[in-house]
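Those sequence lines, one after another, are chains A and B. Here the first sequence stands for residues 199 to 656, numbered as in this note's numbering. Here the second sequence stands for residues 5 to 458, numbered as in this note's numbering.
Hints are computed from structural coordinates only; laboratory data are not their basis. Hints are not guaranteed to be accurate.
[As the list claims (entries may be wrong)] No farther apart than 25 Å at their CA atoms in a straight line, the calculated lysine-lysine pairs in the BS3-like style are these:
hint	chain 1	residue 1	chain 2	residue 2
1	B	K152	A	K580
2	B	K152	A	K209
3	A	K387	A	K420
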Amino acid sequence: MLLRHTPKEIKERKALTVNPAKTCQPIGAMYAALGIHNCLPHSHGSQGCCAYHRSTLTRHYKEPVMAGTSSFTEGASVFGGQANLLQAIDNIFTVYEPDVIAVHTTCLSETIGDDIPQIARKAGQEGKIPKGKYVIHANTPSYVGTHVTGFGTMTKAMVDYFAESEGTRLDQINIIPGFVEPSDMEEIKRIAAELGIKVVMFPDTSDVLNRPQTGRFDMFPKGGVTIDALRSSGRSKGTIGLGRLASGPAARALDSKCKVHCELLDLPIGLTGTDNFIDAMRKMAGVSVPESINIERGRMIDIITDMHQYFYGKKVGLVGDPDQLISLAEILVSIDMWPIYVVTGTQGKKFETRIKEITKCVPHEVKVVSGGDMFLFHQWIKNEPVDLMMGNTYLKYISRDEDIPFIRFGFPILDRVGHSYFPTVGYRGGMRLMEKILDALLDRKDRDSPEETFELVL
Amino acid sequence: MSTAVSVIFQERKDQILRKGQDSFGMECNRDSLAGAVSQRACVFCGSRVVLYPISDALHLVHGPIGCAAYTWDIRGALSSGPALHRLSFSTDLQERDVIFGGEEKLYLALCELIDKYAPKAAFVYSTCIVGIIGDDLDGVCRRVAAEKGIPVLPVQSEGFKGNKREGYGAACRAMFRLVGTGDTKGISPLSLNILGDFNLAGEIWIIRDYFTRMGIETVANITGDGRVGDLQRAHGAALNVVQCSGATTELAKMMKESFGTPFLRVSYFGVEDMAESLYEVAKFFENKDPQIMERTRELVKSELAVLYPAIQEFKKDLAGKKAAIYVGGAFKAFSLVKAFRLLGMQVVLVGSQTGTEEDYRELYEVTDEGTIIVDDSNPLELSSFLKEKDVDVFVGGVKERPIAYKLGVGFCDHNHERKQPLEGFIGMLNFAREIHSSVMSPVWRFVPRKKARN
């Protein structure tokens with residue numbers, strides 16, 4: 199067995215993370231920055247950070263992922279990375295010509311104390327930033343938070359640098375989609391359009407990381423939120439932030455900077471999450487929900503009711519990021535499934551309280567941990583197995599060793615396609631999620647049923 | 005040439021060479037240009053990929069979580085036994101540790117892991133942050149080694165100290181501390197260590213089998229399917245055979261200096277290089293075993309008897325097609341150039357992340373007129389070269405793959421993500437099959453760029 203080194207007996211660990219259920223801030227910042235049109239993310243640190251983030255994002259999206267690096271050397275680490283960043287800014291604007299360079303820091307540049315705004319100002323004074331072009335930044339030391347907080351911090355930087363409140367209010371609302379797939383962002387835009395609402399969504403990685411085959415390599419793809427749109431976000435009627443952890447900082451920043459009222463919701467994964475999202479949009483924009491959306495909702499409920507007998511009492515283990523897990527737990531509980539193990543690598547007491555609250559009616563002990571890892575999750579499973587697991591690709595080891603069905607969900611997914619094209623948000627996304635859950639459960643039932651109870655019709 | 009030239013950084017001009025047009029001269033092994041979208045990685049990455057296949061050792065990453073997360077089981081280095089290396093262990097440094105130091109945490113983590121798994125040795129990887137906050141990695145390792153009675157080896161792999169190449173050096177220095185500490189009793193006079201093979205897709209097993217058939221004992225695999233105990237007695241082998249230009253050469257040099265173990269440079273990619281490597285090894289042992297050359301010839305003959313007819317089939321379709329190569333180390337590129345020639349294909353672009361001037365001179369010599377030779381390239385350059393040369397297949401690694409596919413060009417991963425062994429005679433056949441299946445795939449006719457041309 200691959201993970202035969204995982205013992206059943208659980209001992210408290212004080213200084214050690216084994217098989218992490220998280221990664222570091224900069225990759226989240228890089229992903230968010232890719233959601234700005236004509237933007238080159240820039241990693242201010244050693245070359246390896248940038249290479250690792252690009253490789254991981256490439257493996258997840260199967261797309262070219264562009265980002266620059268300050269390529270720190272020993273000298274830079276002693277004397278500071280200012281010279282490297284100045285040269286990088288100059289080179290990037292000269293050769294790659296983006297509209298924006300989105301700089302994020304790393305553990306190295308944070309610890310030596312590089313002051314990015316000061317370096318960017320110097321670059322401006324030295325004429326290294328062409329007119330109408332921008333350098334923005336986010337502080338993302340790897341020893342604080344996780345990839346999710348890195349995403350949130352870079353998204354907030356978009357507000358800090360661009361949102362403007364001068365001028366008349368516009369008939370539009372802002373949506374901050376959270377750390378979700380490009381397909382999800384696309385679906386959120388579609389739903390808003392269906393409601394007839396004009397939205398500014400940021401970041402927006404659709405058409406950046408789920409591009410069609412065009413026979414061309416474009417350094418800067420078509421998608422991404424534009425600078426103009428980001429500027430106008432300060433004059434929108436309101437902001438909806440989806441996923442409190444990933445979208446909260448930006449939504450609140452818009453509120454305090456531009457007095458744009460914000461509402462923070464759970465990710466619209468599942469029925470309740472989507473209901474709340476659509477209701478919030480409706481109220482904020484002052485529109486009514488069209489029949490087409492009701493039909494989508496009805497179809498999702500139809501699947502749930504038609505197949506409810508297969509959901510009942512199924513025990514589920516979840517590993518992932520807090521925003522996703524909250525919504526997942528919610529939908530699972532609402533269809534009578536029991537999420538009994540919930541693990542995230544991101545620290546947060548609120549998360550644990552929230553999951554406890556969502557699962558309080560589950561007639562089984564529910565174990566939840568923030569700041570946990572997959573090693574612990576596996577130990578729980580060894581002590582009491584589940585019927586289904588949902589989480590990123592790294593769960594495949596446990597799935598194989600313990601022979602438990604597994605649905606890939608979250609980040610990163612390194613061994614399957616689909617996530618960047620087909621959403622799991624909204625009612626349609628919910629239908630896809632139901633299909634996936636049913637496929638996993640029923641495939642297993644078909645595989646394991648003895649001949650005499652193997653049935654054609656389910 | 006117009007588009008190609010326009011995307012090149014002025015500063016990088018002397019890292020790009022066109023054979024026939026430019027005389028030889030290559031500025032390489034210099035730091036990447038800040039701001040360039042380089043395909044290179046860091047020191048830590050170099051150390052981690054070299055040491056990670058040692059499967060009965062503990063590998064603990066001392067740093068924030070990212071460095072461990074991104075290197076968790078990414079290499080596909082197979083083990084025939086222990087699988088401890090496939091888990092990801094990290095001290096997961098937090099802000100508090102950065103301020104107050106991470107030594108205590110490292111000590112606790114090491115003790116906990118050694119108690120739990122009783123590994124044969126432990127490698128402790130330093131990351132950027134550890135270099136800056138000044139944790140005494142050596143001190144902690146010494147303390148734990150004394151307390152637990154196993155070798156605990158610091159790997160000085162702070163990311164900022166250079167690129168992957170420096171990481172190889174750090175890995176070699178860590179391994180060298182093991183060499184010479186084991187019992188060499190019973191090792192055959194006809195024996196060697198395999199250096200610079202990482203057992204991707206089970207390749208080292210193929211090579212070991214060849215040596216066994218030649219009558220040679222393999223003492224240590226360094227590092228694919230590697231074991232601590234074998235490394236400790238590696239100095240008992242009569243010869244080191246070293247593959248991969250950078251990764252383990254330093255270890256071979258150190259062993260030569262301290263133990264007098266001679267080394268041979270070999271390559272197991274492609275028919276010519278594979279056969280030549282075996283003959284070189286046979287020649288080395290000829291005075292000890294006069295029959296060895298005969299056995300080696302037999303081996304090569306029997307392998308080729310199977311291989312050649314199969315290759316001819318692929319060649320029918322592939323002759324005249326154009327290939328591009330961009331790999332980590334340049335040694336692989338030499339063999340690939342020859343392998344493509346065997347398939348009747350033309351290599352129009354060849355480059356590496358970390359080649360030396362010597363490497364590029366050799367490439368300059370083995371390539372055809374008009375071939376572009378490039379050091380430390382970036383996506384924009386690569387894509388413009390691919391288009392300019394109208395390439396049919398691109399050989400590279402993870403970050404190159406989607407660029408090829410977006411352009412509608414076939415691809416073969418010759419790096420961590422290879423799924424078939426590409427070494428040995430059978431590897432050449434796999435390579436030919438993979439190149440054939442990608443180049444000849446019907447899917448490329450859907451690519452708009454190609455449609456427009458037809």
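Results of checking the hints against the structure:
With a C-alpha separation of about 29 Å, the suggested pairing of K152 of chain B with K580 of chain A is violated against the 25 Å cut-off. In summary, the hint linking K152 of chain B to K209 of chain A is supported, as the alpha carbons are separated by about 20 Å, within the 25 Å threshold. At roughly 16 Å between alpha-carbon atoms, K387 of chain A and K420 of chain A fall within 25 Å of each other, so this suggested pair holds.
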